[in-house]
Amino acid sequence: MRSDGDVRRGAPLTLLVDGQAVAAFEGETIATAMLARDLLAFRLDRGGRPRGLFCNMGVCGECLVTVAHGSASPRRLRACLTPAADGMIVTTRPDERR
Amino acid sequence: MNDDARPDYDLAVVGAGPAGQAACLALPDGPRIVVIDEQLRPGGQILRQPPRAFSVRGWLEGAEYRRLKARLAAFESLESVEWLGGCSVLGAREAGEGWRLALSDGGGVREVTARRILIATGCYDMAVPLPGWTLPGAMSAGGVQAFVKSQMLAPGHRIAFAGSHPLQLLAADQLRKAGGTVAAVAFSQPFRRFVLKALGRPWTALTNLPRLMSVLLMGWRLRAAGVPIHFGRAPTAVEGRDRVQGLRLEDGAVVACDAAAFCFGFLPQSDLPRAMGLAVRPARPGGWKACHDAWMRASRPGAYVAGETTGVKGADAAAAEGALAGLAVAVDMGVLPLREAVRRAAPVRRARARALRFAALLEAVADPGPLPDRDLPADTIVCRCEDVTMGDLRAALAIGADAGGVKLATRCGMGVCQGRNCEHGLLALLGGVSTEPHGFTPRFPARPIRIGDLLAED
Numbered sequence: 001m002r003s004d005g006d007v008r009r010g011a012p013l014t015l016l017v018d019g020q021a022v023a024a025f026e027g028e029t030i031a032t033a034m035l036a037r038d039l040l041a042f043r044l045d046r047g048g049r050p051r052g053l054f055c056n057m058g059v060c061g062e063c064l065v066t067v068a069h070g071s072a073s074p075r076r077l078r079a080c081l082t083p084a085a086d087g088m089i090v091t092t093r094p095d096e097r098r
Numbered sequence: 099m100n101d102d103a104r105p106d107y108d109l110a111v112v113g114a115g116p117a118g119q120a121a122c123l124a125l126p127d128g129p130r131i132v133v134i135d136e137q138l139r140p141g142g143q144i145l146r147q148p149p150r151a152f153s154v155r156g157w158l159e160g161a162e163y164r165r166l167k168a169r170l171a172a173f174e175s176l177e178s179v180e181w182l183g184g185c186s187v188l189g190a191r192e193a194g195e196g197w198r199l200a201l202s203d204g205g206g207v208r209e210v211t212a213r214r215i216l217i218a219t220g221c222y223d224m225a226v227p228l229p230g231w232t233l234p235g236a237m238s239a240g241g242v243q244a245f246v247k248s249q250m251l252a253p254g255h256r257i258a259f260a261g262s263h264p265l266q267l268l269a270a271d272q273l274r275k276a277g278g279t280v281a282a283v284a285f286s287q288p289f290r291r292f293v294l295k296a297l298g299r300p301w302t303a304l305t306n307l308p309r310l311m312s313v314l315l316m317g318w319r320l321r322a323a324g325v326p327i328h329f330g331r332a333p334t335a336v337e338g339r340d341r342v343q344g345l346r347l348e349d350g351a352v353v354a355c356d357a358a359a360f361c362f363g364f365l366p367q368s369d370l371p372r373a374m375g376l377a378v379r380p381a382r383p384g385g386w387k388a389c390h391d392a393w394m395r396a397s398r399p400g401a402y403v404a405g406e407t408t409g410v411k412g413a414d415a416a417a418a419e420g421a422l423a424g425l426a427v428a429v430d431m432g433v434l435p436l437r438e439a440v441r442r443a444a445p446v447r448r449a450r451a452r453a454l455r456f457a458a459l460l461e462a463v464a465d466p467g468p469l470p471d472r473d474l475p476a477d478t479i480v481c482r483c484e485d486v487t488m489g490d491l492r493a494a495l496a497i498g499a500d501a502g503g504v505k506l507a508t509r510c511g512m513g514v515c516q517g518r519n520c521e522h523g524l525l526a527l528l529g530g531v532s533t534e535p536h537g538f539t540p541r542f543p544a545r546p547i548r549i550g551d552l553l554a555e556d
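Sequences listed follow chains X and G, in order. Using the numbering used here, you'd call the opening residue of the first sequence number 1 and step up by one each time. Using the numbering used here, you'd call the opening residue of the second sequence number 99 and step up by one each time.
If you're looking for bench data, these hints aren't it; they were derived computationally from the structure. Just so you know, even glycine gets a beta-carbon here, dropped at the ideal spot from N, CA and C. Be careful, since some hints might not be right.
As the list claims (entries may be wrong) - Pairwise CB distance ranges (calculated):
no.: 1; chain 1: X; residue 1: PRO74; chain 2: G; residue 2: ARG441; range: 51 to 57 angstroms
no.: 2; chain 1: G; residue 1: ARG321; chain 2: X; residue 2: ASP6; range: 21 to 27 angstroms
no.: 3; chain 1: G; residue 1: ARG448; chain 2: X; residue 2: PRO12; range: 49 to 55 angstroms
To be verified - Listing some non-contacts, in silico: residues in chain G with all C-beta distances to chain X over 12 angstroms:
no.: 4; residue: ASP106
no.: 5; residue: ASP127
no.: 6; residue: ALA193
no.: 7; residue: GLY344
no.: 8; residue: ALA377
no.: 9; residue: ARG455
no.: 10; residue: ALA458
no.: 11; residue: ASP465
no.: 12; residue: ALA496
no.: 13; residue: GLY529
Produce the complete structure using the sequences and hints provided.
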């Protein structure tokens with residue numbers, strides 16, 4: 001839940017998370033955009049159970065998602081470290097299990 | 099870029115928290131310095147800055163933060179420093195007269211060389227396995243705090259805090275001020291243990307009275323806001339189906355919440371020192387702290403360590419160690435006479451000693467006790483990356499495997515976190531830690547990277 005205190009966020013932007021349009025603001029990480037939209041699952045484990053982000057500081061790797069942006073090939077990036085960008089396509093459930 | 103060439107930099111600083119900042123500020127003008135950090139902006143976890151695209155009024159107020167912010171501002175105005183934000187260090191190896199660092203910015207891998215390297219990578223929340231702790235919504239308290247500090251986000255509607263470290267009061271207080279709802283704060287230990295541990299170090303407690311009072315004040319503010327604060331009630335399970343719906347405490351009561359934040363203490367970031375072959379020692383409550391001499395020189399030439407990489411001790415001690423490392427680099431480069439370094443180091447050493455006394459008090463007070471691994475149900479996941487359960491570990495331990503053997507047999511520690519979340523728990527199960535070889539063998543890369551990116555490297 002975004003704090004509505006004394007904060008002015010960046011320009012509005014939209015990214016796609018698993019096909020769903022998610023509104024965010026410049027400066028937010030992919031993780032923030034997802035959590036603010038109540039999207040808590042960043043991957044499935046081997047048992048098919050949803051997994052959430054844990055450390056939010058790049059240490060645990062639980063928030064690795066597949067990110068495609070522009071013409072660059074998709075990458076596996078930590079959602080907690082990666083700024084959201086307009087038109088970004090995020091997939092939490094890639095075909096290949098990691 | 100071959101090994102005989104002049105290195106790209108005189109000094110590479112890994113980590114832009116208080117230690118890394120203080121090192122740069124202690125160095126005289128002249129050396130070519132690069133500072134590398136995974137965050138886009140400097141500050142470290144204690145000052146996780148909001149992005150440049152945000153403007154936040156009254157960000158992290160209070161006297162303690164004011165001093166930290168003043169140092170950060172001084173660091174950010176240094177013109178001698180090249181800033182590489184949003185960049186992970188995958189590894190560092192000795193090369194010619196210095197160190198060769200492999201870096202990733204998410205877009206690819208590249209290398210830089212530096213004559214000297216300072217590892218000031220801080221610490222991270224110690225993961226403590228519990229049934230249900232892999233449900234979406236279960237997080238480290240540091241992670242929750244980072245959302246509040248840098249993203250102005252409460253990562254849940256009702257967040258329950260649980261653990262043994264008083265920092266959870268600060269995290270809960272900051273969350274509440276940011277408009278979040280704190281469902282409860284539960285401490286594993288009884289209140290009297292806090293008092294007894296503090297009384298065990300009366301002089302330190304007395305000289306840090308304002309700090310201790312500020313912690314009590316946070317608790318009081320939370321209570322006044324209607325937040326239940328429990329003592330002597332450890333968390334025993336996270337409840338929920340596909341996401342967190344409650345946090346079960348020792349007495350069986352369930353706190354209704356949609357997110358849980360755990361705060362059992364912190365482990366030094368030790369991937370780089372260990373992979374670089376630097377000497378480390380067991381840390382408390384777990385993990386490994388890098389060894390150093392009185393000038394923060396590590397066990398190999400040209401390598402320095404400072405801050406929580408050398409043991410969890412708070413921002414003041416970290417900054418003092420960073421300053422000592424900066425002075426040492428200047429002496430070793432021949433740009434500062436030893437006599438002058440000794441003179442400048444004297445007040446820094448006094449500040450470090452003071453801060454270490456408080457850190458020892460905090461460590462005693464926050465002691466999580468034995469990791470509650472032994473009684474865990476067999477299906478509790480311990481290694482989050484590879485879904486290795488307590489039962490898997492018990493089976494491997496029953497045949498007499500050591501940490502390396504358990505890793506091979508179960509994949510515990512083989513995932514993207516490189517054992518950061520499970521090694522300490524496994525070692526506790528193995529009956530404690532005495533020396534380094536008992537842990538996992540540290541492996542390149544310290545952070546996740548696509549194999550294709552490594553192959554594409556020149």
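Now the hints, each set against the structure:
no.	hint	in the structure
1	X:PRO74 / G:ARG441: 51 to 57 angstroms	56 angstroms, holds
2	G:ARG321 / X:ASP6: 21 to 27 angstroms	25 angstroms, holds
3	G:ARG448 / X:PRO12: 49 to 55 angstroms	51 angstroms, holds
4	ASP106	24 angstroms, holds
5	ASP127	32 angstroms, holds
6	ALA193	25 angstroms, holds
7	GLY344	15 angstroms, holds
8	ALA377	23 angstroms, holds
9	ARG455	27 angstroms, holds
10	ALA458	25 angstroms, holds
11	ASP465	22 angstroms, holds
12	ALA496	23 angstroms, holds
13	GLY529	26 angstroms, holds
In this structure, none of the earlier numbered hints is contradicted; all agree with it.
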